[in-house]
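Given these sequences and hints, build the entire structure.
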Amino acid sequence: MDIKDLGLNFASMRAEFPLWLAEVTADEWTSTALAVAEDHGILVTMWGSEKRRGQFVVSSVFDINNGELIWLELAIPKSTKKYPEISSLFPSATRMQRAIKDLLGLEADGASDTRPWFRHGAWPADYFPLRKANRGKESSWPDELDDYEFVSVAGEGVHEIGVGPVHAGIIEPGHFRFSVVGEKTLRLEERLGYTHKGIDKAFENISAVDGYRLAGRMSGDSTVAYAWSYCMSLEGIWKWQIPKRALWLRAVALERERVANHLGDLGAIGNDAGFAFGLSQFMRLREDWLRLNKSIFAHRLMMDYVCPGGVERDVNSEHLALILKQCRYIEEEVRTLQGIYDDHSGLQDRFLTTGTVDNELARKLGLTGLAGRASGVARDIRVDVPSEPYGRFAVNISIREAGDVAARVDVRFDEVYESLRLIRYLVDNLPNGAIRREFVRRGPAGSGAGWIEGWRGGIFTALDVDSSGQIARCHVHDPSWQNWPVLEYAVIGDIVPDFPLINKSFNLSYSGHDR
Amino acid sequence: MMWPLIRQISKVGIRTETPPVAQDLEDAGRIHDEIRRILGRALTIREVDAGSCNGCELELNALGNLYYNLEGLGIKFVASPRHADMLLVTGPVSRNMSQALAITDEAMPAPKIVVAVGDCAINGGIFGESYASMGGVSKVLTVDLAIPGCPPEPIVILEGILTAVRYRLGKRTS
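Taken in order, these protein sequences are the chains called H and E. Per this note's numbering, residue 188 is the first one in the first sequence, and the count goes up by one each step. Per this note's numbering, residue 66 is the first one in the second sequence, and the count goes up by one each step.
These are computed hints drawn from the structure, not numbers from a lab. Don't take every hint at face value.
Restricting the straight-line Cα-Cα distance to at most 20 Å, the calculated cross-link-like pairs of lysine to aspartate or glutamate (DMTMM-like) are [as the list claims (entries may be wrong)]:
| hint | chain 1 | residue 1 | chain 2 | residue 2 |
| --- | --- | --- | --- | --- |
| 1 | H | K371 | H | D536 |
| 2 | H | K481 | H | D501 |
| 3 | H | K269 | H | E255 |
| 4 | H | K426 | H | D397 |
| 5 | H | K319 | E | E194 |
| 6 | H | K319 | H | E294 |
| 7 | H | K551 | H | E331 |
| 8 | H | K269 | H | E210 |
| 9 | E | K76 | H | E520 |
| 10 | H | K324 | H | E391 |
| 11 | E | K177 | E | E218 |
| 12 | E | K76 | H | E518 |
| 13 | E | K76 | H | D475 |
| 14 | H | K238 | H | E210 |
| 15 | H | K551 | H | E675 |
| 16 | E | K204 | H | E325 |
| 17 | H | K481 | E | E194 |
| 18 | E | K204 | E | E171 |
| 19 | H | K265 | H | E225 |
| 20 | H | K551 | H | E588 |
| 21 | E | K76 | H | D685 |
| 22 | H | K268 | H | D313 |
| 23 | E | K204 | H | E331 |
| 24 | H | K371 | H | D685 |
| 25 | H | K324 | E | E194 |
| 26 | H | K319 | H | E336 |
| 27 | H | K426 | H | E625 |
| 28 | H | K481 | E | E82 |
| 29 | H | K431 | H | E518 |
| 30 | H | K481 | E | E171 |
| 31 | E | K204 | E | D170 |
| 32 | H | K191 | H | D226 |
| 33 | H | K265 | H | E215 |
Distance ranges between label pairs, derived from CB positions [unchecked claim]:
| hint | chain 1 | residue 1 | chain 2 | residue 2 | range |
| --- | --- | --- | --- | --- | --- |
| 34 | H | A463 | E | W68 | 17 to 25 Å |
| 35 | E | E171 | H | L509 | 46 to 54 Å |
| 36 | H | L509 | E | D98 | 33 to 41 Å |
| 37 | H | D529 | E | E136 | 28 to 36 Å |
| 38 | H | I584 | E | G78 | 35 to 43 Å |
| 39 | H | L539 | E | T228 | 26 to 34 Å |
| 40 | E | I79 | H | S275 | 56 to 64 Å |
In this text, a Cβ means the ideal position worked out from N, Cα and C, and glycines have one as well.
Here is the structure:
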């Protein structure tokens, strides 16, 4: 799609990727969404803000052209506090619209599903934390949890299985409602929001240079991706030039994060198919990997390593040698283990055709990131709109068409090898120079955006900074928003015992989504 | 099919490390003995994420890898709170999780040990207290021991678990 075809008055925004902002009318809001949907564009994220007292806007970001983003901003009439819904065009908008209602009290006009999403009844229906009149610290309400209306499935022999929010293992909380006949899943409905801890509001109480620490704790498994996405948005607003060495070190950390998560998940996926050997082997490799993180980046998960202006600490030649040596070792071990996984008929029997999302469904529902690539959606920010250092070398994108557990496992194996290759390249060619730009705590007011391909998918940050250096609004989007609803489709027709396996093959974030 | 698997197992060998927690003990066997002395059996733990960022869960899962040999020490994570001696809680307690956390605690048989894992579980950490976050676990439950860190490393969690067990023994004998 050519951006000119949209007929809007776009302004180019300073970002590491093509980004165009337009203030639109309600009619343009709907017609643009329709044009993007018809052209098979993608909804990246949606959020609401109170710009000034009583002046509300709702924003949406679409990917119209493999990495070319448009950002629409619609001012909302004070009298109605309503905006036209877009979930009939983009199914993934449904929960985003429900979240906007819970946080700001803005209603998606015409939406079919208007149930609360983050608000479980722990605060009143007329309290909207993101409104500027509220400090976000209000808390003196009786704790009366709501009776949520799940969609019920009727018919002979249909029964429900409710699971969570406290699950059997050491995992994040959420509720799954299965409607089943015998062992077969007819329908799954997710209810999330249990880990909602008011992060959007918490951002508004801190200064822009400190926001990266909070962003880096939205989802602990993606701390590097989140912190980088946040820093990218701030550095864009303040027009900071980041030293090349710092950007390369950020990429080393981002790829190490990708490998760490794939190692853990490949083991856990094996385990969920009854292959404990896989878990034990991969968890050992993951532990080795995290221990080297600790000795080089001072933290096993690399929290707070990426910071505004660059990175927290430098590496020396000894570190680089250790990284290279470990990459060689891990690759050798993972290839052996992949051979064992591939040849294990019992394991393949569980993987193949389980939890299938075909390409048509994936595109219709907006499946993104690693799960999208396993369903033939060839999108990867590192490939589509490579920022430094990704523009210096070609990242090989991993694609599978089948969209089942086996395809997601294959993509993960591919991405481990590719990330190991990238880490070696980055380390071998690491530029000299500073690791952090000269640091100031303030800059001009403005809006900016960051977009980073985390191991799960794209993490998008929209940041508003005021002239005193405080965060006015920060919206950070996890790709799980797109992918959680697709999981509900992936399990249809599979047996209930396959759910943990299918779920783990996606491994979506609760905390990153619940915010 | 089996040979590559067996070859890999034998190549990797035994990687379990002597627990550093054994510094003031003689060996891992002593830890096992101590747990048995205190509880008369293995230690079973029910973990609840009450709103964490998942960082603490990653490290709790890492505790299950072969380097730490948790089950060899007689410690096991269980699914049902009714089977658990210890409740391990992570995260700031979100208001949306407070009820589920309280129900899990009620379902556990007494005497039970409650351990708060991570900075958020101590006082809400970076998320603090708000309309959505109640802050630390002690806002909802009586906490026996807190393990600081963001997130605490597996070995620190292991030390904390054992300290909590000892603390409980001290309380019961005094």
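Holds or violated: are the alpha carbons of K204(E) and D170(E) at most 20 Å from each other? 13 Å, holds
Does the alpha-carbon distance linking K481(H) and D501(H) stay inside the 20 Å limit? 13 Å, holds
Are K265(H) and E215(H) close enough, with their CA atoms no more than 20 Å apart? Satisfied, since the Cα-Cα distance of roughly 19 Å is no more than 20 Å.
Using the C-beta atoms of D529(H) and E136(E), is the stated range 28 to 36 Å upheld? Between D529(H) and E136(E), where Cβ atoms are some 29 Å apart, the hint holds.
Range first: 17 to 25 Å. Now tell me if the beta carbons of A463(H) and W68(E) are that far apart. Since the Cβ atoms of A463(H) and W68(E) sit about 18 Å apart, the hinted range of 17 to 25 Å holds.
Hinted pair, alpha-carbon criterion (20 Å max): K319(H), E336(H). Please report holds or violated. 30 Å, violated
For the pair we were handed, K238(H) and E210(H), check the Cα-Cα distance against 20 Å. Holds: K238(H) and E210(H) sit about 13 Å apart, inside 20 Å.
CA of K551(H) to CA of E675(H), is that 20 Å or under? Distance of about 14 Å is within 20 Å: holds.
For the pair we were handed, K431(H) and E518(H), check the Cα-Cα distance against 20 Å. 27 Å, violated
Proposed proximity, D226(H) with K191(H) (alpha carbon, max 20 Å): Satisfied, since the Cα-Cα distance of roughly 14 Å is no more than 20 Å.
For the pair supplied as a hint, K481(H) and E171(E), confirm whether the alpha-carbon distance does not exceed 20 Å. Measuring from Cα to Cα gives roughly 38 Å; hence the hint is violated.
Does the Cβ distance between L509(H) and D98(E) fall inside 33 to 41 Å? Holds, at about 38 Å.
Hint check: violations occur at hints 3, 7, 11, 17, 19, 21, 26, 29, 30 and 39; the rest are consistent with the structure.
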